[in-house]
Amino acid sequence: MTTVGPILRLESVSKRFGGLRVIEDLSLTVRRGVRTALIGPNGAGKTTVFNLITGVFAIDAGRILLDGADITATPSRRRIGHGIARSFQNIRLMPHLSTLENVMVGQHCRNRGLGGVLQPVNLVPHNRWREAARAALADAGLIEYERSTVGSLPYGVQKHIELVRALMAQPRLLLLDEPAAGLNPVETEALQAQLEKICAAGGPTLLVVEHDMHFIGALCEDVIVLDFGRKIAEGSPEDIRQNPLVQETYLGAPAGELMERHSAARGA
Amino acid sequence: MSGYLEGVLVLLAVNVVFAYGGFLPLAAGQLNLGLAGFAAIGAYASAYLSNVAKLSPLIAIPFAGIVAGAVALIVAVPVLRTRGIYLALATFALGQIVQAIILNLEVVGGAAGYPVAAFIRLPTIAAAAAIVVVLVWLLFATRFGIAVTAVHDDEGAADLMGIDVRAFQIAAFALGSAIAGIGGGLYAHHFSFIEAQYFNISLSITIVLYVLLGGTQTVIGPLLGAAVFTLLPEVLRASAHWRYVAFAAALIVIMALRPEGVVTGAQLRRLLGSNRAESRHRAVAAGLPKGGAG
Amino acid sequence: MLGSIYAMVAVALTLSIGVLRFLNFSIPGLFMIGGMATWASLRNAMPWPLAASAALIAGAVASLVVERFTWRWMRTAQHFVPLVSSMAFLLLFEHLAVIYWGSELRTLPAVFGTADWRVAGLVISLPQLAGLLCSIALIWALTLVLARTRLGRGLRTIAEDSDAALLLGVDINRIVPVVFLISGLFAALAGVIFALNYRQVHPFMGEAVGLKGISAMIVGGMGNVWGSIAGGLIIGLVEVMSIGYFGADFVDIAVYGLLLLILFIRPTGLFAGAFAGQARA
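Residue numbers (our numbering), protein chains in the order written: chain X, 1 to 268; chain L, 1 to 294; chain V, 1 to 281.
A few of these clues could be false.
Label-pair restraints from in silico Cβ distances [unchecked claim]: (1) X:A58 with L:Q197: 48 to 54 Å; (2) V:A141 with L:Q197: 35 to 41 Å; (3) V:A137 with X:A73: 33 to 39 Å.
It should be emphasised that the hints constitute simulated quantities derived from the structure, not laboratory data.
Don't be surprised by glycine CBs; every beta carbon is placed ideally from N, CA and C.
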């Protein structure tokens, strides 16, 4: 796999909330096109890292570079325009918008000017943005829900809609926060296949926070391990599984074995 | 058409315009308790222009709406830096200040009120109301509607999706105030007399209440709310004060039972196109064990 | 002095906001009920203590009705619902008052005569002084209740953290009506004192006078009882000064202008701090 510079780089990033140091001198790299996982015990700061990358919080020290460009000072609402899209740990769809409209929110960053905003997307029958959103829903097998109120849909479907929404922004970097949480094994495998397809050559680079080690072992090529806001290990799933520090703080041997079996099976 | 009926329909049209003035900020998640103040700006500005500058009401009223919108724009930046309850209180203070200032402006009559010479009739007013409704409907059929609703639902997520939350809040606030100003202008040029005492907190509260009654999730809700507020008491032949009592009581009950208002988004979608997937899923989900999905 | 009346309304509002996070817009309506019921009772030749009591009972009952239909049903619903319902109650009370009593301005008889106290060139109206002292005493009593009694502790706990309060065994369902009762009594009492002192009432006096209590509450610090007293006195002072310098017509501009200013610059109020004046960590 050839890489032309990393898609994302955090350099010595620190973040404090009051007196609490949540992220401490963190440096990490996500290689272009390499599906990467961010793992660690609860409270390690994984979602905070996502919040820092997307600009929800300003960092106290360090830099964030997207594709070589310093986005540290870029306001949060502009970062999606630069190519970072995300999903959320607790689903954050808009309850008063239909599924289709929720997905169309993802297109907003490509439509920002006055002309873009005043486009009659819900008026003209075959508006191209609306049709593009419908096509995305159809691709994802969700077209039957297009008019539904999102709050009444099953949890797994809502997560899927959030993913489609994020993809509508045509991101270069896709941040998924626990995408497999709450899914049964069948759905998890489907999600894995889907993400592999989405993130294939030409698609966005995937950075995923997860606790499901089987999922990560099968899907990801790189794993970064966080604990107490610091990076404690980094490498392939096999490397991580064998890392004694990681085992001690987080994994426990059996799950590590499963990870190795899955990644071996994938490599075969 | 009898004079009485014309009066009722004029009031309906004016209330519809006021309703959309309240709807815009509410759709963006803001409570504008100073609506009456912006209506007053529109009323007095248009009356002054048509009385003194001899402009036709057809020019004076839209212009006065722009004036009201401009004032809103100027105060929007500091006001919208406040949030939630503070925003509601800031708009409340604003409305009170506007009313108090007008009471002191002798050039427009002060506390004695201001007579308005030019006169417009029902067809003009109804047309104006219809134009407002159509324009708001068109606006909400664009991405503006989606963005504003997103801001209302989840500011943080909307921001991360690239939506400029503040810009949309300011736009909704200013547009709503401009529309309220137009309503004030229409009122002034039909009832031929305006006084600051009319544009008080009660008026702001009443407008907000009938918008919420109709429902803020759809563009048709405010129309319904204004219609119910204006017409139902006529049908029931309620006196001026009993209609407020009934309206307030109805609102309290509705807020208890169905806070989204009479017309909800989901309901409208159900009316306009079948929601087969949703009902099928409710049936399936009901029979599944926890944690499973369709 | 009007300041103490604003202070009492502010205390009523602040209690609601501090404990329940609920801006109770019906409180100006309760103020009006207190005032008008006093007038109505005096009109029926009741002695003034009885009239005042009747007015207080009316205010308390009205407040509990508001509680029943705003807070109790809607705690889980959208956040603005209780506020909106309380606004509807304001309209309801105002228009019921007009229906029942007519919309004219009503004058009360001079129950206390014209007892004036001349001291050092100042004329102090004894009834107004009594009203001022009464307000101060009651607010002080309230802060004592908040600080020393079990009820007060419960209220302060809920104000700090309603989830923790539940865990600590505070019976929220029993306490909430008490909050409404106390704030209703304060608002009605402010109306009674206003009526007996200034001797003019009308169904919309809540909007003319009571709403300024909101200004006092914000200036003093939302949720801070002592702050409300300070806020009330400040607003009263602002009114007197603006009458002195600019004339009576500018009073409202000054009062609401100050409110707007505070909301822009320091929305937590001049005396931001914990509920009931405790120092917050």
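For each hint, the structure was consulted:
no., hint, result
1, X:A58 with L:Q197: 48 to 54 Å, "49 Å, holds"
2, V:A141 with L:Q197: 35 to 41 Å, "38 Å, holds"
3, V:A137 with X:A73: 33 to 39 Å, "57 Å, violated"
Hint check: a violation occurs at hint 3 only; the rest are consistent with the structure.
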